[in-house]
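Chains as they are written, first to last, in numbering that gives the first Met the number 0: chain A, 0 to 485; chain B, 0 to 485; chain C, 0 to 485; chain D, 0 to 485.
No wet-lab data here; the hints were simulated from the structure. Don't take each hint at face value.
Chain copies aren't distinguished; within one or between two, either way the pair holds.
To be verified - Simulated pairs of lysine-lysine, PhoX-like, Cα-Cα distance not exceeding 20 Å:
id, residue 1, residue 2
1, Lys160, Lys127
2, Lys56, Lys87
3, Lys87, Lys61
4, Lys163, Lys484
5, Lys141, Lys56
6, Lys484, Lys322
7, Lys179, Lys322
8, Lys160, Lys412
9, Lys278, Lys163
10, Lys154, Lys412
11, Lys484, Lys160
12, Lys177, Lys68
Protein chains: 4
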Amino acid sequence: MGIKTREQYLNSLRNMSPNIYKFGELIEDVTTHPATKRVVESHAMNFDASNDLELEKIYTTKSSFTGDKIHRWNSMMQSSDDLIANMKLKRQNFRRTGSCTGGVCVGWNAFNVMWAVTKEIDEEYGSKLQERLKNWILHAQKEGLTVAGALTDAKGDRSLKPSKQTDLDANLRTIEVKEKGIIIHGAKLMIAGTAASQEIFILPGGSYREEDKDFAIACVVPRDIEGLTIIEATRPSDRRDLESSSGYEVPDTGATQGLLFFENVFVPNDRVFMAGEYKYTSNLIQYFTANYRACIGACVSGQGDVMVGASTLMARANGLSSKTFMDKLINMSINNQVNYGLGAGACALGTKHTSGSFFADPQTAHTNKVMVSTLPYETKRLTQEIGGGIVETGCMPSYKDFTNPEYGELIKKYYKAGNCSAETRYKIARLSEWLTIGGGVPGCMHGGGSPDGARLVVRFTTPFEEYVDYAKKIMKIDEEVPEPKK
Amino acid sequence: MGIKTREQYLNSLRNMSPNIYKFGELIEDVTTHPATKRVVESHAMNFDASNDLELEKIYTTKSSFTGDKIHRWNSMMQSSDDLIANMKLKRQNFRRTGSCTGGVCVGWNAFNVMWAVTKEIDEEYGSKLQERLKNWILHAQKEGLTVAGALTDAKGDRSLKPSKQTDLDANLRTIEVKEKGIIIHGAKLMIAGTAASQEIFILPGGSYREEDKDFAIACVVPRDIEGLTIIEATRPSDRRDLESSSGYEVPDTGATQGLLFFENVFVPNDRVFMAGEYKYTSNLIQYFTANYRACIGACVSGQGDVMVGASTLMARANGLSSKTFMDKLINMSINNQVNYGLGAGACALGTKHTSGSFFADPQTAHTNKVMVSTLPYETKRLTQEIGGGIVETGCMPSYKDFTNPEYGELIKKYYKAGNCSAETRYKIARLSEWLTIGGGVPGCMHGGGSPDGARLVVRFTTPFEEYVDYAKKIMKIDEEVPEPKK
Amino acid sequence: MGIKTREQYLNSLRNMSPNIYKFGELIEDVTTHPATKRVVESHAMNFDASNDLELEKIYTTKSSFTGDKIHRWNSMMQSSDDLIANMKLKRQNFRRTGSCTGGVCVGWNAFNVMWAVTKEIDEEYGSKLQERLKNWILHAQKEGLTVAGALTDAKGDRSLKPSKQTDLDANLRTIEVKEKGIIIHGAKLMIAGTAASQEIFILPGGSYREEDKDFAIACVVPRDIEGLTIIEATRPSDRRDLESSSGYEVPDTGATQGLLFFENVFVPNDRVFMAGEYKYTSNLIQYFTANYRACIGACVSGQGDVMVGASTLMARANGLSSKTFMDKLINMSINNQVNYGLGAGACALGTKHTSGSFFADPQTAHTNKVMVSTLPYETKRLTQEIGGGIVETGCMPSYKDFTNPEYGELIKKYYKAGNCSAETRYKIARLSEWLTIGGGVPGCMHGGGSPDGARLVVRFTTPFEEYVDYAKKIMKIDEEVPEPKK
Amino acid sequence: MGIKTREQYLNSLRNMSPNIYKFGELIEDVTTHPATKRVVESHAMNFDASNDLELEKIYTTKSSFTGDKIHRWNSMMQSSDDLIANMKLKRQNFRRTGSCTGGVCVGWNAFNVMWAVTKEIDEEYGSKLQERLKNWILHAQKEGLTVAGALTDAKGDRSLKPSKQTDLDANLRTIEVKEKGIIIHGAKLMIAGTAASQEIFILPGGSYREEDKDFAIACVVPRDIEGLTIIEATRPSDRRDLESSSGYEVPDTGATQGLLFFENVFVPNDRVFMAGEYKYTSNLIQYFTANYRACIGACVSGQGDVMVGASTLMARANGLSSKTFMDKLINMSINNQVNYGLGAGACALGTKHTSGSFFADPQTAHTNKVMVSTLPYETKRLTQEIGGGIVETGCMPSYKDFTNPEYGELIKKYYKAGNCSAETRYKIARLSEWLTIGGGVPGCMHGGGSPDGARLVVRFTTPFEEYVDYAKKIMKIDEEVPEPKK
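Produce the complete structure using the sequences and hints provided.
Here you go:
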């Protein structure tokens with residue numbers, strides 16, 4: 000059965016070998032350690048949803064291979080509607096957690112992209128990579144796995160290709176090809192949600208030429224594979240997570256970004272889907288970013304929905320009608336819907352690959368990436384504007400002070416404002432703060448790549464000379480008007 | 000055969016009775032008079048496209064009734080893809096004409112909306128309105144008609160309902176119900192493209208209650224029906240259209256907006272699809288605006304494409320590489336693709352009516368309306384920034400001066416700049432001017448209704464209380480936080 | 000006496016030789032010809048103001064040379080307050096005319112800039128240029144002259160320096176130095192307000208090196224000097240100006256932009272203030288743009304004030320309370336005040352030249368230029384949003400139709416909306432149209448140079464390395480962090 | 000001597016009684032405790048500057064009373080230049096500390112405002128309040144005091160006036176008037192920089208009527224006055240401040256916001272400058288906000304300068320040329336200069352009070368407040384865009400991990416990118432993070448009041464009817480066009 004429960008999921012995580020560190024400490028149980036339990040909880044809620052009568056239509060679907068019911072995030076995406084279903088799941092996730100569920104996001108996209116890429120490779124080389132991949136997908140569907148994904152390499156000197164780096168480890172590479180598998184070495188940085196994942200799908204971080212073929216690696220590994228060490232990054236407000244009173248200052252959900260160090264990791268052949276076929280890295284990146292940047296609009300709109308909710312509440316907790324801020328709330332809703340609707344448009348304008356995979360329209364998807372790196376910032380600004388000073392700069396004491404036996408009552412006395420207790424006002428203000436300058440801030444700027452990269456794609460997908468011809472025809476201009484020679 | 004040629008179309012227009020005025024003059028032949036020939040040319044190009052091997056896939060389709068090949072603008076829209084096909088046609092139109100082809104836009108949407116509304120009415124009243132409509136649609140498909148649409152009434156005092164106006168004619172109304180038809184009286188204002196149309200589809204301009212049932216009118220009339228007088232409005236640069244040298248200052252294409260005065264116009268029953276069924280005006284407006292505001296993104300993106308082309312050309316004509324302005328050109332392209340992709344998203348997120356008609360998602364469509372009333376202004380601003388002073392404020396002499404026997408050569412001498420003749424530079428600059436502050440400016444602000452109206456729809460389609468609940472659940476807040484009592 | 004009346008001014012214009020053309024026609028009397036009477040009226044109103052008890056404090060001042068009362072636009076600007084007084088006059092001008100009074104703008108700045116530049120030249124060369132200039136200023140003050148200014152050359156191929164152009168006339172140049180004066184030849188393009196001016200102050204259009212010294216020309220000539228031909232440019236709506244009913248469609252005020260062709264024009268030495276001293280063209284341009292771009296904020300804010308007024312009126316004429324649009328009106332007012340206040344800030348942060356002239360702070364002034372090329376576009380967009388469709392795309396008939404004996408009454412019947420006559424509503428809508436897409440659109444984008452030029456100045460006045468040091472000190476970073484070598 | 004040294008200042012703080020708490024702990028020595036030492040260091044740097052040959056011209060001036068050299072922040076502001084000098088100091092402060100020096104900001108403005116208000120009161124009541132104030136100012140100048148200021152009350156239910164609150168303490172109030180002074184009770188919230196101050200100047204938080212006269216209080220108290228308890232608020236990243244490795248993650252400078260609880264605090268008469276004169280609270284608020292909101296542009300531009308510096312560095316540390324991001328850096332610089340120049344404009348357009356105090360122009364100052372709550376958000380967004388993922392979401396491990404004996408070297412290996420060590424790259428990324436989503440985020444949204452409050456002032460200082468008249472005159476409209484009656 001492809002549908003797992005929260006408990007099955009948590010048990011599975013508990014059974015893994017510890018290899019994640021934060022603040023110098025090895026995390027023995029990711030499901031209870033304060034540094035990782037929030038990201039795990041965010042993903043555990045996906046399993047709740049898969050088993051919820053109302054939400055299961057979003058969170059589950061049928062396997063295109065077996066017809067079995069499976070978690071949606073383990074499914075093939077083979078139509079515009081499948082991509083939009085991905086978006087719906089993501090928006091819902093953010094609405095319920097206020098944060099990123101990175102452990103069911105990159106990996107999902109990765110195996111769908113590889114479905115197309117392995118077909119292309121197989122067609123040239125007569126290999127059987129797609130079949131390998133299919134076997135792994137069937138396994139993932141059956142086990143209901145949460146599969147993180149990893150693309151970004153350490154990169155080293157940005158002006159040099161991987162094979163020209165002083166330190167060749169700056170990009171993850173194959174250091175040895177063995178009969179039964181490959182040995183990989185290097186790092187993947189800024190990887191979301193691994194603490195909540197059971198496996199990690201690895202893709203190359205760029206588009207490579209022949210001299211860089213050792214870096215053309217796609218494979219999938221258990222999160223606790225031997226030789227892999229994960230260090231969780233620190234975010235502005237994550238020390239709060241460690242405190243006993245954290246439930247009042249920080250939600251029970253959350254996200255993580257981590258550093259993955261691979262030291263001589265052996266990956267058996269049946270989990271390797273690209274190892275040297277550099278020619279296909281370019282398509283791989285194109286397919287991946289098109290889908291990823293189409294669907295990312297759903298993440299930020301989902302978090303935007305929570306900001307709309309938090310701001311509405313915040314107004315009331317401050318003793319004001321939320322209608323006072325209706326113009327701003329409408330603007331927030333518009334921002335959310337631009338990012339979401341434009342993502343859906345990228346899906347609707349997409350094309351089907353011969354393998355059956357469906358890819359969003361690149362120009363629209365990358366346009367949305369630019370919007371995703373702009374509009375949520377305005378939404379956050381409005382959240383702070385509506386919320387007042389206690390949201391903007393955390394003009395509130397810690398929960399430790401709030402409950403201090405000596406002066407805690409004084410604080411509560413003076414923080415009472417609207418039709419609710421000082422404590423409720425406190426929690427809402429902390430939520431707005433967390434969403435806008437705390438740990439809830441999602442990586443909408445660089446997650447999935449930089450906006451400048453997206454602008455480049457827009458540039459190269461805009462047919463400037465065709466547009467020049469329209470202008471000339473409209474004015475009946477026959478003369479050539481060339482670029483100046485310089 | 001439902002596909003007509005340019006000549007058939009022009010002949011049909013020539014055969015109509017003259018009832019259009021401009022500058023105090025009755026226009027005898029709309030196909031040659033300088034006040035209307037540009038809008039006719041814009042629509043004649045649709046017929047060229049329908050008969051063009053490459054463009055016919057955009058401009059034609061099969062009738063869902065007969066299976067015959069018909070002009071796309073005469074077709075039923077019954078899926079997300081049908082709506083997106085509408086958008087593709089619109090974008091293409093603007094690319095080729097630089098302007099609005101209003102004569103194939105509102106009417107097309109109108110009969111599709113009425114397909115659903117007549118079904119709803121028939122179901123309640125047992126009437127046969129949908130069949131009537133079907134007959135007319137078959138006629139339109141067979142004749143390959145260009146059908147304008149008319150919604151906006153004169154309205155009079157905005158604070159009063161139609162039946163409370165001092166002058167009841169302020170909204171088009173039924174003044175008599177006869178056995179064979181109805182007699183209507185009043186005006187429809189700001190109606191696009193009627194001079195290029197053969198028929199005009201009339202819809203009610205608002206959502207009405209019982210006391211206003213006389214204003215609940217949907218019907219279709221020949222453009223030259225007895226009792227109808229049309230006055231074309233004047234735009235900033237349309238006096239140029241009248242001059243013999245106009246081809247150098249103004250494109251051969253263009254748009255019109257007109258005033259329609261109905262004086263005791265008799266409409267026979269087989270062309271009447273609503274006459275008093277006020278209860279359905281609300282749905283009618285909802286369906287209409289959802290589709291209209293989804294697809295309008297295609298218009299402004301098509302014109303934006305021409306602005307990108309004109310600006311690229313303008314840079315070169317000024318002697319500069321267009322790459323100098325690449326950042327601005329990319330921003331323009333992004334603006335275009337937001338409006339287009341968001342429209343496509345509204346289509347993709349739409350729903351199918353039981354009648355078979357397909358309607359775009361209101362929240363996304365109205366969000367796009369807000370974007371459509373914002374982003375093209377920035378695109379125009381960038382067109383002026385790239386083009387230089389000669390574009391912005393028309394710092395160029397008239398074509399009459401440009402060709403003046405005495406000093407015309409001096410002008411040409413001094414207007415030569417880039418790798419092209421002074422005349423070509425002149426024409427490109429005029430195009431950019433026309434697109435940004437001349438007759439080419441489309442009604443992206445109020446066409447299809449005001450942005451504030453759209454914001455209201457966004458407000459009422461945003462589930463604020465649901466979002467409040469997400470925020471509360473995330474922070475485990477159980478307490479009620481009501482709006483202040485005031 | 001340095002204060003002239005409207006009549007004295009108009010008489011002076013009437014006494015000049017005709018050398019201005021438009022639409023192929025020589026304009027005999029600029030004060031009555033429909034192509035120029037509006038710009039003359041705009042400037043005549045300055046003389047009214049100078050003789051008005053309330054406005055004279057803005058429009059007049061005392062000569063720093065003689066102590067006599069003079070028109071403010073003939074005065075020296077030698078303090079921050081003097082520059083701000085310039086701004087106040089400009090804002091007031093726009094408020095009363097809705098348009099540009101270019102004939103008292105560039106010339107005023109030009110002689111103040113040359114006051115500093117001639118001092119610098121005199122100090123190096125021992126010349127007496129400043130004294131020459133003083134004599135001319137005394138003459139201008141005494142006669143109360145309206146002095147236009149001309150900088151922009153035709154330029155030809157932008158990638159080549161003036162002396163490298165195929166056609167050397169592409170930039171105005173000295174073709175012969177005679178004992179009593181110089182002979183100049185070439186063109187100045189896009190020159191504002193010359194039809195309303197008595198003299199034209201000429202400055203070089205760029206910063207030149209030795210090989211281009213023939214182009215380093217500063218001098219002042221009567222507008223009707225022998226050898227000078229002026230062609231007025233055409234703007235989108237200026238054919239309306241020619242019609243007898245123009246008063247209803249277009250204000251009585253207005254602006255012009257013209258082409259100035261100099262053919263072997265002799266300028267006597269006492270009117271020449273730079274002829275070859277190329278080394279000082281760089282300072283000249285710097286001084287000029289700093290002051291010009293500081294004060295230009297006052298122009299656009301003044302016109303913005305009229306847009307606020309027109310929009311308030313328009314709401315009422317449409318039958319709506321202006322309070323409905325209060326948020327938008329406040330945004331418009333904020334835009335106006337940013338441009339005005341930032342200009343005032345540039346003045347306040349300016350510096351005094353050793354000559355006594357006062358120059359605005361370049362970084363702030365050029366920052367304002369960028370704002371001036373952005374914010375008024377948003378103000379115009381809001382004017383169109385508030386005004387409704389009849390403002391945006393001129394969805395109103397011509398005045399000729401409005402008063403047509405046959406159907407004019409019908410038009411009036413249907414255009415009545417608010418608490419005013421249809422005619423008043425008509426005029427307000429035309430004003431809003433004229434301000435936003437008609438002849439009232441000021442050259443806020445390229446007037447005084449391009450925004451990209453301003454961005455360059457911001458770049459070179461921002462001390463990046465100093466800011467890097469602040470960042471390093473804050474984090475106690477000692478290590479060098481150089482730019483990558485490539 | 001009015002100029003103190005860093006050591007004198009720190010000693011003075013050390014000699015005060017402890018009354019500040021954070022995280023449940025009483026802070027014994029604010030100069031060394033990790034929760035307060037950063038804000039103290041920020042202010043100590045002011046004393047360094049006052050004694051620095053280059054900076055003293057910004058940080059010191061002459062007393063208008065005694066002619067003695069004093070710290071600038073103890074001086075009277077009696078001209079536009081004095082206000083601009085305030086701005087220069089603030090920009091410089093932010094450049095050197097990256098953060099707010101609230102302890103020399105509100106208090107400085109407060110006593111200057113009271114200089115005017117006490118004169119007004121004295122004139123009506125024949126009191127000698129201004130003389131009292133003068134004595135205190137002389138004392139502050141002589142001792143070189145750092146004087147924080149406190150306006151914002153707890154407020155309670157925003158819909159009720161102070162005297163109508165259930166809990167009268169919701170606004171600070173006089174609970175008893177004694178012969179030698181007054182006894183005050185209540186709270187002031189969100190008060191900046193008190194931990195670094197020696198005294199706190201208290202002003203009323205609103206404009207009051209007679210029934211609220213008990214809340215009309217202006218006085219000044221030592222920070223450690225009996226009955227006053229201060230609780231420091233917590234910001235997202237301030238737990239980092241407490242760690243031993245904090246120097247690598249957080250600057251040595253910083254800001255604090257605190258809660259001030261006054262319990263039966265006795266203030267002797269010679270320190271009371273308003274106690275019940277409610278009529279003058281309205282002027283007081285007007286004067287205060289005009290100056291405060293003019294000068295606040297200098298704070299955010301100073302911090303913006305640091306963001307420009309950090310971003311330039313960040314690009315290099317990532318191995319890229321900062322020129323790659325030149326467009327973004329120029330936009331950041333423009334944002335900074337708009338806020339700064341517009342503030343200077345508000346000063347330049349200000350007016351002199353009969354008391355000698357000088358107040359900025361309200362319309363311009365409040366316009367700047369709106370800009371200050373908008374532009375820095377864009378500057379922060381650009382800082383994150385340039386910086387890459389490690390800046391945006393803190394995709395970097397803690398310093399504890401960075402130096403971990405087991406895997407620290409691995410982290411450093413993979414974080415090396417540009418021409419600098421991994422450690423330097425780490426620190427710069429932390430700085431950018433701190434500036435944009437960490438403790439360095441200044442209160443530019445609500446500091447000095449909400450932007451909506453500022454918009455209200457813009458509304459009431461915009462003469463809409465005067466602008467309506469301009470529009471009417473331009474179109475020669477005589478008819479009245481009233482607001483609709485409703």
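Here's how the hints hold up against the structure:
Taking CA atoms no more than 20 Å apart as the test, lysine 160 paired with lysine 127 passes in neither setting, with 30 Å inside one copy and 64 Å between copies. In the homo-oligomer, the alpha carbons of lysine 56 and lysine 87 lie at most 20 Å apart inside one protomer (10 Å), although the nearest pairing across protomers, at 32 Å, exceeds that limit. With identical chains, the CA atoms of lysine 87 and lysine 61 are at most 20 Å apart within one copy only, with a shortest distance of 16 Å there and 33 Å across copies. With identical chains, the CA atoms of lysine 163 and lysine 484 are at most 20 Å apart between copies only, with a shortest distance of 16 Å across copies and 34 Å within one.
With identical chains, the CA atoms of lysine 141 and lysine 56 are at most 20 Å apart within one copy only, with a shortest distance of 18 Å there and 44 Å across copies. In this homomeric assembly, lysine 484 and lysine 322 come within 20 Å of each other (Cα to Cα) only across copies, at 12 Å, whereas the closest approach inside a single copy is 59 Å. Proximity of lysine 179 and lysine 322 under a CA criterion of 20 Å is satisfied in neither setting, with 65 Å inside one chain copy and 48 Å between copies. In the homo-oligomer, the alpha carbons of lysine 160 and lysine 412 lie at most 20 Å apart only across protomers (17 Å), although the nearest pairing inside one protomer, at 61 Å, exceeds that limit.
With identical chains, the CA atoms of lysine 278 and lysine 163 are at most 20 Å apart within one copy only, with a shortest distance of 19 Å there and 49 Å across copies. Within a single copy, lysine 154 and lysine 412 get their C-alpha atoms only as close as 53 Å, which misses the 20 Å cut-off; across copies the closest is 11 Å, which meets it. In the homo-oligomer, the alpha carbons of lysine 484 and lysine 160 lie at most 20 Å apart only across protomers (16 Å), although the nearest pairing inside one protomer, at 31 Å, exceeds that limit. When the C-alpha separation of lysine 177 and lysine 68 is checked against a cutoff of 20 Å, the pair qualifies neither within a copy, at 37 Å, nor between copies, at 61 Å.
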